[in-house]
Amino acid sequence: MTTTAPSTSTTTVVTGRAAGGPRRHAGDRRERGVAWGFLTPFLVAFALFLVWPLLHGLYLSFTDQSLTGAGGGFVGIGNYVGALTDPVMWQSLGNTAWFTVLSTVPLVLLALVMALLVHRGLPGQWLWRLSFFMPYLLASTVISQIWVWIFNPQIGAANGILTAFGAEPVAWLQDPSINMGAIVIATVWWTVGFNFLLYLAALQNIPHQQYEAAALDGAGSWRQLWSITLPQLGQVTVLIVILQVLASLKLFDQAYQMLGGIASDTTRSIVQYIYEAGFVGYRFGYSAAISYVFFAIIVIIGVIQAFAIGRRGARS
Amino acid sequence: MTSPPSLSRRQFMSLTATLAGTAALAACASPVRGAGDVRTLEFWHLLSGADGVTMSGLIDQVNGAQGAYRVRPTVLAWGEPYYTKLAMAAAGGRAPDVSVMHASRVPGYAPGGLLDTWDVGRLADLGVDESAFPAAVWEKGFIGDRLYSVALDAHPFVLMYNTEICDAAGVLDADGRLQSVTSPEEFLELARAVAGESEGHGLSYGYLGDGAQLWRLFYTLYTQHGLEIALPEGGEVEMDVDAAVDSLSFMQQLLDGEIAARENDYQSAIAEFATGRSGLFLTGVWELRSMLEAGIPLDATVIPTLYGTPSVYADSHAFTLPHQSAPDPETRDQVYRFVADILKGSFDWAEAGHIPAYLPVTESPAYADLLPQAHYAEAAELVRYDPPAWFTGSGSRFQAEFGSAVQNSLLRGDDPAAAIERFRARMNAQLRMPNPANPDGGAA
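One line per chain: the protein sequences are A and B, in this order.
With this note's numbering as the guide, the letters of the first sequence map in order to residues 1 to 316.
With this note's numbering as the guide, the letters of the second sequence map in order to residues 1001 to 1444.
Bound-form chain B, shown alone (with noise of 0.2 Å):
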């Protein structure tokens, strides 16, 4: 066994495995050093299903059209899986060159270094300024005087009704569009009128198990008091509670077994709707596209003003710069030229049901014809996202908190003013804590 003929036999072989090896990563190697001018870029996103596909679309045609850069996105699960795994890569310094994130994240990104700055100026060379966006979706970017995200779109909360059923209920105008409603009370009435047309329910609304849904719907109902909610970090929550009460008890009287069933969650709500069910449906955007497929008679609206201010719940998905160590200023040129052109090219997105945030694309005659997404356009100058602070946003534990606290007074006809109450106290807990990514921001 240990002769020396069959050592250097051995040592014969790992030598020659081992040059082997070797060559064999060079070859691997070569094909991306030889790649020439043409610059890779990372892009994460978190767009799957319907949305997915519309990105990858995009994705395609920047690709054609240019031959500077080469856009190679990885795709992962909405929500704090994707948060989590960004914010990793942006702590090593190793992020991908560009991503996408829902605006209302960003101040839980930023102040921490995970984010690089937009350059207001290059943006502005490639056409993607202040006047190319409405003002609210534009403001969003900034924290402080600096950008930190360009909105691709805004994805309001809006109401999708069956024109047919609708229709049959009497309560749609000359136009054949839904009856302006300015009231809580004639809210009701009109989805009354559509229950008494619809083989299910009148309304359609999923909010089980969801605090996203809770708060989407809460939080229009709420800013259209004319208010905001403040979380300023280490004070308390600013709200005003007789209007929180107020839209909470309203969401109590839509779920009445009669307007609305007590018991949707996300999903059958969808079926209910879907199916033709319902007449009315209180739900984001972008479902647009799997109700268009579904084939029923659809139109959407902004929702209507039942408190006096015009006001939406939204979210923005936006560009954003994941911190790099050391950025190849190359890349980074061609990161902006990107993104620049998929702003001017982001009129397929909307049809996922999105409204795209650059004017040029929502103010063309194109765009006035697509419906029903024409319909609701405005809704990108109502739009309110949620109150800046480290832990709120889409896919945060803060919207899980607010169904905690407030779910029982929808299905079980709690005391709306002690589940605002609990509410509050959480957020006061939760503004207590330190900003994990700014521990020493403090409480400034």
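Isolated chain A, as found in the complex (with noise of 0.2 Å):
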């Protein structure tokens, strides 16, 4: 979508100006001028706190450039090493890996399972729409703190349900062993909004002849549902599913509220090791150096991704 836009413009600028005639090459140079003066901020902001940050952090993993101001020598691809032998980066990687499989799976699925309930026309559908949705809109510093109460081992919500119902009570957020399930929780109620908006826009762009014929030919609900609803939201899943797994990737800020902070062995995430071994740990260079192991592990998840889709868009 945002590739296509631009192009679309540029087009009709120009050959609203190529009509202006012999005035054409100045017009040209002096949009030029403009286009490139709209554009500097931008690329000014761009270059100093993306590219920059970029070209320095890599410079930084080959340093041993402490927060402290210590350091700072050229250290070779010493934070390389030390990042992949460290148990508690590919610990973190496994937690991050592991909290993507438990929160893509529901996110998707519940998202299309609640898209299609509203869309079939629960009463009241804006309510429902509104609903779901609003939590997304809420700061993870605002849901973090609401899970907090919720799953408080005493007082809390969960367990008061879980007591109702004569079960034993649950540490949730401090069992390490079930702790990155309650992450998995609030993170779903949280963002599950989205992909829902996203699948109900899918479902209202069907269109609708398409159950009519159906219907005619004796089709009932179940029938539509598996051969036009769900295979005309394909495309939208794929992106969904993309969408996701990049996000899921970065886990951190909900956990680091939830945790308070330092965190536990089982729900470290690499973005929170990242963290921790420059600011708290006050190691930059090291630190630098497990960030750029996570960027190619994106880069070739992504690749795997853009793969994925180019051999589905051959196929159609």
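Honestly, the hints are just simulated from the structure, not real lab data.
Quick caveat: nothing in here was measured; it's all calculated off a predicted structure.
Here a beta-carbon is modelled for each residue, glycine too, at the ideal position from N, C-alpha and C.
Hints may contain errors.
To be verified - With the C-beta cut set under 7 Å, the calculated list includes, among others, these residues of chain B facing chain A:
no.	residue
1	1084
2	1091
3	1111
4	1112
5	1172
6	1173
7	1174
8	1268
9	1270
10	1274
11	1404
12	1417
Using the hints, put the two standalone chains together into the complex.
Now the structure itself:
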């Protein structure tokens, strides 16, 4: 979407000017100047806050720079060797992957079910749409606070419900064997609304005539769901999965806030470890190296995804 | 568009804007410059909540009492956000004039040049010297023979109790204070008696997901064996495994569901004790004010000595001089004066529960009447800080690591010996890393 918009507008501008005849070249030049004028603020910010940190981070990853100003000498690939042999880094990567699996599946399936239910005409559609999407608008700090209370081991709502059904109370956020699950529950509640909205929009784009035709041919609602609705949601599902995997890999803020700063072994995500190494452990160079390892992994995942989409596109 | 008049109008306008901007900036600058001889002292601290209110009161008091300096406090969030920012400010050499740190964090800061040293002579001229502090608290300020921090207080882990419930359980002595116990068995017996009279549990202790809380009780018990843990840089942890396992096993016994709940985190333990559903509460003195406000019949005492050697885990809020490349001598003078003034006026700090480090305050008759603070004041003589290392101290990863190594032995009853072994392995891994503030300091 974003790539097509500027090229269309450029075309319009150029053809509009072409009618000007002899002034065309002068006009082009001036417009180019104006265009650069408009682009400059962005380019400056882009270079200053994205390109430069990216390059500087790469440089740092080859030094033993400390946050305290000490160090800074070139250490070659020492940090990378350290990172790749660091059990905590692998554990954090494993946690991140595990979270991505645990969260992506329900975030896609639940969103689909919710969208189907709403689209099929639950009464008061706007209310459902609003309440499913509302949590997504909250800041991560807010949802963290809410869920910390819900998961409170003694006075929280989650254990209140469990004990009402006669179950044993659970230390949701503190018990290492389940706290990742607790983070997933909170995350699903928080962000499922976005996927839901994408699905709902896709559902509304399916031509109604297809359902009418199918109904005339005697297809029931399940048949229609399997043969019309789900196949036509394929495209948006791919998009949702890609966005979701990338979002889940970035796990940090809600976990950081719900677990109170320094993470436990079972919930420390790779982003959290980058933060801990750099800002708690003061090892900037090392922290930069881990973030580049992570960057490489994301690039690989991105390439695989692009490849998968390409094949899918070629097939259809 | 390109005609001269419009250009000159633009030029005129931009010129006017520039001039106006300069004038405005100059106007901003003048009041600061014109402040005369009063020095503004930038003071960073991490005291929020009730402590923050008390500290504001102390600052107002010293600001109002003289005309030579004016303290401008900046409060930052407790824990690693504060220590990260302070380290960065000091690394840049443009740090605040004075800051509060936990004394236990100073060993991570001082060797890398992030802190400037205090001049012992200048402090002594202002009445701040060795004789005015409990020995352990004063000595904690030193690394080698240099003084890096001057303590405002000691804030130990203590035992608070509900006098009504404890009275009903028959565990108070003739003076209405908690009976003395001298062994783990006696303490368990006492706690069981209290549990019999409590609506909830006998003892409240919040530890879930909270390495600091686990460490505070553990290190109190461990050091009561007459031992300490040493973390030599580049070496291996030096600790007595038997004593450590012993201490952790005792904590397991406390959390049996009758004496204390296994599923208590920091907040729910507070809630349990503050609503009168338990009789005993293991906590830091900094919770005193909220417990007093809860309106329960309250007293407090030093954690009983169960293993022979009186000792309690504690930390201190301490004044430090974050490194400045070019400190202004006159401002530094006023910083010394400010610290002396705050220490001398630190009686109010006791109301927040902390034990003021300045002995003339705690030895005053007024302090003796301040209850229940006076009942645990002797803890200042018994304090044990975190083992010094660059990665230890309040709000550090060290305490969190301890928590993740041992929590399951309390929550699920896992083998304490295995938990202590996990902790040892983690500490040895930490010790192998170079101190990032002093990478060349090496394994001396």
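Hints, verified against the model:
This hint holds: residue 1084 of chain B has a C-beta 5 Å from the nearest C-beta of chain A, less than the 7 Å allowed. With a least beta-carbon distance of about 3 Å to chain A, the hint placing residue 1091 of chain B at the interface is held under the 7 Å criterion. For residue 1111 of chain B, the interface hint is violated, the least distance from its beta-carbon to any beta-carbon of chain A being 10 Å, above 7 Å. At a threshold of 7 Å, the smallest CB-CB gap from residue 1112 of chain B to chain A is about 5 Å, leaving the interface hint in force.
Interface restraint check for residue 1172 of chain B: the shortest CB-CB distance to chain A comes to about 28 Å, outside 7 Å, so the restraint is violated. The restraint placing residue 1173 of chain B at the interface with chain A is violated, with a minimum CB-CB distance near 32 Å, outside the 7 Å limit. Interface hint status for residue 1174 of chain B: violated, as the beta-carbon distance to the closest one in chain A is roughly 36 Å, over 7 Å. The beta carbon of residue 1268 of chain B comes within 4 Å of a beta carbon in chain A, closer than 7 Å, and the hint placing it at the interface holds.
Interface restraint check for residue 1270 of chain B: the shortest CB-CB distance to chain A comes to about 10 Å, outside 7 Å, so the restraint is violated. Interface restraint check: residue 1274 of chain B against chain A, minimum CB-CB distance 12 Å, threshold 7 Å, status violated. Annotation: interface hint on residue 1404 of chain B holds; nearest CB of chain A at approximately 5 Å, less than 7 Å. Using the Cβ-Cβ criterion of 7 Å, the hint placing residue 1417 of chain B at the interface with chain A is not satisfied: the shortest such distance is roughly 19 Å.
This entry does not satisfy hints 3, 5, 6, 7, 9, 10 and 12, going by the numbered hints stated previously.
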